[in-house]
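*Asks:* One line per chain: the protein sequences are A and B, in this order. Those letters in the first sequence? Residues 1 to 294, per our numbering, in order. Those letters in the second sequence? Residues 1 to 1245, per our numbering, in order.
Hints may contain errors.
Examples of chain B residues toward chain A, derived with CB under 8 Å [to be verified]:
(1) 486
(2) 602
(3) 604
(4) 625
(5) 628
(6) 630
(7) 635
(8) 774
(9) 777
(10) 778
(11) 1110
(12) 1111
Hints listed in this document are in silico derivations from the structure and should not be mistaken for laboratory results. Here the structure is a predicted model, which is why all the values come from computation and not from measurement. Glycine included, each C-beta is placed from N, C-alpha and C at the ideal position.
Take a look at the letters that make up each chain.
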Amino acid sequence: GPGILTRTLLNAGVRVVALESNSAFLPNLQSLENSLDGQLKVIYGDFFRLDPLVSGTVKPPAMCSDKLFETMGVAAVPWRADVPVKIFGILPQRKERNTLWRLLFALYECSSIYRYGRVELNIFISEKEYKVLTAKPGETRAYQALTVLWQIGCEIQLLHMEPWSSFVTNLKNGGLAVPKSTWLPNDHLCLVRLTPQQNLFIGGLKPTNSATFIFMVKQCLAKPRSRLTDRLNSWSLDNTGKLLRELEIPKNAESRHLYPEDYRRLFEALQNSNVFSETWFHDEVLESIRNINL
Amino acid sequence: MSLLRLRAALLGPARLQGAGIPWSVLRNYSSASAKEKARRNATCERTELLEVLKARVKQLQASNVPEVTVNKVELAPLVNDKYQDPLREVVAPGPKEEQPAPKGRDESLARPSSWVEKLKKEMHVRQLKVERKLSIAASQLALEEQAKVKPKGKVKAKAKAKKSLKSPKSLKSPKSLKSPKSPKAKVAAAWSQSHAGPHGVYAHGKPRVAAVKEGAKVQRPEKVDKDSSQDKILQQTIQSNLECFLFLQQPEEAERFLLLYHSSPAKRRLLNVNAYNIVMRNWARKGQLQRINRLFSMLESVGLWPSLDSYAAALECMGRNQSSAKAIRRCVQQLKNDGFHVDELFQKCLFEEDEKEKVLRAIRIVQPNYQLPPPPNPQTCKSSLLWDFYSKKKMVSYPKLDFSVQELQECFQQQLEMELDNTITIESVESTKPLTPQAIKARELLATLRSQWHDSILQALQKSKQSMSKLKMVSGYNILYPYLCLLPDEEYVGIMLQILNTLSPQGESLAVLARELGSKVYNRYITQRKLRSRQLEKVQEVYEDYIHLLAKDSQPNKYLPREYWEKLVAEAGFGPSLNLKDCSWPYMLLMRLGMHMLELMVQSVKVPRNILNPRLEPRLIPILYHIYSFRSSWQVGLIKPHPIFSQIMSDAAETLLTFNSSAIPMLCPPVPWTSPHFGAFVLNDTKLMRFVDGAIQHQLLLEQCPPVNLHPVLDALNQLGNCAWKINQPVLDIIISIFNDKGNEKLDIPPPISEAPRPSAAPSNSSTWNKSQKHELLLCKKKTAEMHSLRMDALYKLSIANYLRDKVFWFPHNMDFRGRTYPCPPYFNHLGNDVTRAILLFAEGRPLGPKGLDWLKIHLINLTGLKKKNALEERLEYANEIMEEILDSADHPLTGRKWWMNTDEPWQALACCMEIAKASRSPDPAAYISHFPVHQDGSCNGLQHYAALGRDLIGAISVNLMPCNVPQDVYSAVAQQVEEFRKKDAEQGVKIAQVLQGFISRKVVKQTVMTVVYGVTRYGGRLQMEKRLKEIDEFPEEYLWEASHYLVKQVFNGIKEMFSATRDIQNWLTESAKLIAQSGRTVEWVTPLGLPIVQPYYRSRPTVLNCGMQNLSVKSSNSNQKPDTVKQKNAFPPNFIHSLDSTHMMLTALHCFRQGLTFVSVHDCYWTHALTVDIMNQICRQQFVALHSEKILQDLSKFMLEKYCSPGRETRALWQKKLMEQLSNVPKTGEFNLKKVMDSTYFFS
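Start from the sequences and build out the full structure, keeping to the hints where you can.
*Replies:* Here is the structure:
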């Protein structure tokens, strides 16, 4: 776009690497780059098309994260180390939710940008998605699988809220190209900081089994009002009563009533009871990865 | 006195003179009903106004006599008549009904007296208005000959509409539209003329009532209640529930259920007279006249009128317990008073079991000499296209099958037995493989497990039923309970186990499984009902006579199958009772039932976990698990079998397949279609028109259509269904041998799963896999899943073919909503792929004749896809040239030079090679008896119809409507045209035109040209072009977008140039559909053969079904929803063309039959014997010319103008003007002389 974000960052005096996906804007940016003596680096690429899942050659503006990090000169650091790089951006409204899911998968797998450590995201998202990310158990509509997974995965801070009305539009009717929201408020664009949790991978959760965790949470919250016991039973797990007792989760608890941390404990308990090693569960997890990735 | 008068007015006309209804009824119910009415209408005032209006209307009716200013005194005598009624004196009320009449008056006194005051005041105010309305309405009656609806409800509705109130009564149920109302007024009038006196006065008024009703109907805007679609489903649910109780013979339950609704003012509006009738029939069967009387009074108390069926139930009951003549006479009298005729009982009621006999007995008690009314005279279709066909003079006898009556009788028995079992289990073609010890072990294991599963499912079912029935005692009602009682428990268990056997390892979506379970129960229930109602008996009886029409050893008959069947039914005196009363279950209910059964299965079917791996601890785990799969924005619930179960199943490699009996072709000639409800299979319920689940528009439309209009379509379907088939055994054997070996993807024989790709080296621990390994594994899994479904599909087809190998069989046909015909059995039929078509032969053999062998050869070359641009003679020459290859293929299909394998349709080519070999080696090829079907294909059939509609000269030439020496190719012609445009542009310096030099070919434009008929847009066309250009390696990538954009524009221009009228017609159709849909209506039209068509595209909102395991979102479409404008618009041109091509096919089918030809079709591909190809070709061309000689577009325009812009509609909005203009403006046509088609060799070739 016109580069307001980039200019603000430059004015703040930080070193900036700008990813530009539209070649029309490149020349201007490049001339800016030349005039700034190394404070700005411009790359033709699209942050939201990093590491495309289709096999074959990657055509710009799609690009691979290792190329990007190499160009930026950022090396991978251990997970528990400090934030290696901060990323600023605006999520494209049209595929906001998809992008959030893809980032989430990368986070839990420590792949893509998260291979380089706890990369901090500072992104503008719509208010409705912000509401989802920060929902509390029991909040109808807002409390979703995405909520649980992001809350376990990251510290979520709201930095700024900007009303939609501050943005110009290119639609003929003067309206905003913002998807309508029926259930959740959606009047702002929210700048949210997502910092991956340092202790995400202590305990039973590991990048290698995290797909199972994601799968489990999604299955539970597919029908938020269903009882947890029913869900567990429907996966042919037996003795759910005992399991829930041990976790001190009431027998009649509904999926939407569990705190994110409860899901984590549930996962660890199931992991220990070897339930997930059953072949079918494993297959389903694989299947779900395929579905999310497409 | 005035009070009494008001009461009388409120009670409606029948009460005034009908002595049959006991006054007790009034005492019990009427006052309550008035109160409830008041409550229902929220404010008293409105009610009062309503009553006033009603009273006024009443008055005006009664005063057909000049006096308009009727006052109380004048009306009073009418009421007094009641007591002076001579009939009443004759027919004294039966003892149980006797109640002193004055009580009724007492009740009415309880009404607030302010009413009367109001009435007086209001009367004068409203009088004028009502009168004006009445006269308008009456004049409209003359125009409209529509079905009438109950006076009370309607008058009310009108009054309400005036005050813009929402009226629940305004719901027009399909039943009330269908029920025979229009003769009512006539009958009443006729009857009244024969009776002098006060009755006459009233009866004359009756048509007026109708007028009011009509007026109300016509004037009411087309606004629909928001909740009425929901209501409709509920109504249907109530009725099917009551039907269940009738089936279970539980009248108490039925009545209890009815009362649940009846006694609640809010729910009562869901009941219509049919609901009450079902309960009446239930009591009638038990001979409980008292109960029926009670129901009559209940009907009345809610302002409903008894229908013919109500009287039938009452009379049946009287006949059953031999009631007194008095009672019966009273009942008959009341029936007549309500405007019915006794004869109608036997002409219109769908009697079951012994109902008819009992009604007849009752009638004969009062009229000992009563004779059943004669069957209506068969009507003949008047369509000009079929005038010839139906004219009796040219009638020839129906072609005989090569079977004796005796043999056909045996065939019928076999078919009947199969259908009575509902399912059939056959050996799969894999059964020839040797059995491994592992398989034997697995089968034993499976057998033990199955018996355990059987027991546990049975237990779970019984437990759930028990808890349901307990629940029922305590509170309300469980909607599913009766549906779980219809069949013996064992049958439900059987159905569930059957589903378990067919579950694929990849699982299945909940909705699909639920529907399957639900409809299996439904089908068995229908079978049971047909048995119980003696419908089957009657069908059997008629069928036995019917086959004389087809059998070779019987007298020739000059009837069509349908006509003959109708004649036999009439002779047997069955009337309409061969049809079952409408008893379909709402889609929601089907799903609910299925979900319940699915839940039972998931809960109860278990297997020890350690069954395959003894090291694990022994505990039972369910073999079905429920899981969600996420697809972009929505989630789908799946039921998957546990891998343990899949493993056992695949180890056991069972070779028995179980099918629904309707999946197997019929073993006897199908029952001819005689109505939208009756035809095809003997027992299996088959719809004349296929439609998506939950859609009812098509069925409604067919029901409303005069039966005679459907005759051509029904006859065509019967003709297609009567073609007998047999199996080409040598070809089948070769296919099976490859199938049981390793399959062959190139020859379209799916390989077994054992041939599926495996991931190269999968480490045991999945967590260490890298991305590419996971990717590979996923690809393998996907491929395996695809292979599994392809393999199963082929297994089904081949196994059914193998089962039929020595039999003769038939494919009953039905059609889609555009009239395109399809064989009903889903897996194995002649519409299938190359493999299935190759194993089908006509059961009837015909000599090749002088030209037959040549046709076989030409057919072979057509199948190869070679020599497409050559004349027929050249194709024949080519066949003769390669005779050696042909014979080699025939003699050594798998070991020889395998010429056949490299053709477009290898299996059909092989079959044809074999036929040619046999024929050419026979001593006299002309006398060789061939069973081989030879095909003739329309060349770009959609464009053919367009070109003929628009009489486009150039277009007609390019799609072979014009005689030419060699076949024309429309795609090359368009490519040429585009190339010309390009050259011009290139010369003028258009860059992209220069870039495209040398890239424009037939292949590039073909897909777009083909899909133009089906309404492809510029957008879609550009995508197609881009794809084609991408396939050309040399094409510079950076120009893709621009080039495809340019090309699609030029292709459209090219088509416009060649088919100028075609584009106009297409645009006209699209634009008309758009305006119609925007006006809130769906696009409807009638084919030249008289088939009514409606486009079933609505903006439907899914309904969420709350089930225990998962909420299911079910799409239900119905006529109350708004049409989907985009779909209505875009789909209209292709649908219209399809309705024309189906008409052409049906015309050809019917006329081929008249010439004694065997004829079947795969849409625009027509099949017949080699001997008769020439005759078929001639008929095909004749009928095409005849069809397009009709004023098709003008007729369409006329029909639509009438339908959508009839002057009676009060709104004269802008859109209507626009629509009228659009519809009247029929596109102009070109110069092409249609007759030329007659001589065009390559029109169909």
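*Asks:* Does each hint fit the structure? Answer for all of them.
*Replies:* Each hint tested on the structure:
no., hint, result
1, 486, "28 Å, violated"
2, 602, "7 Å, holds"
3, 604, "13 Å, violated"
4, 625, "5 Å, holds"
5, 628, "4 Å, holds"
6, 630, "5 Å, holds"
7, 635, "5 Å, holds"
8, 774, "7 Å, holds"
9, 777, "7 Å, holds"
10, 778, "5 Å, holds"
11, 1110, "6 Å, holds"
12, 1111, "7 Å, holds"
Violated hints, listed in ascending order, are 1 and 3; each of the other numbered hints is respected by the structure.
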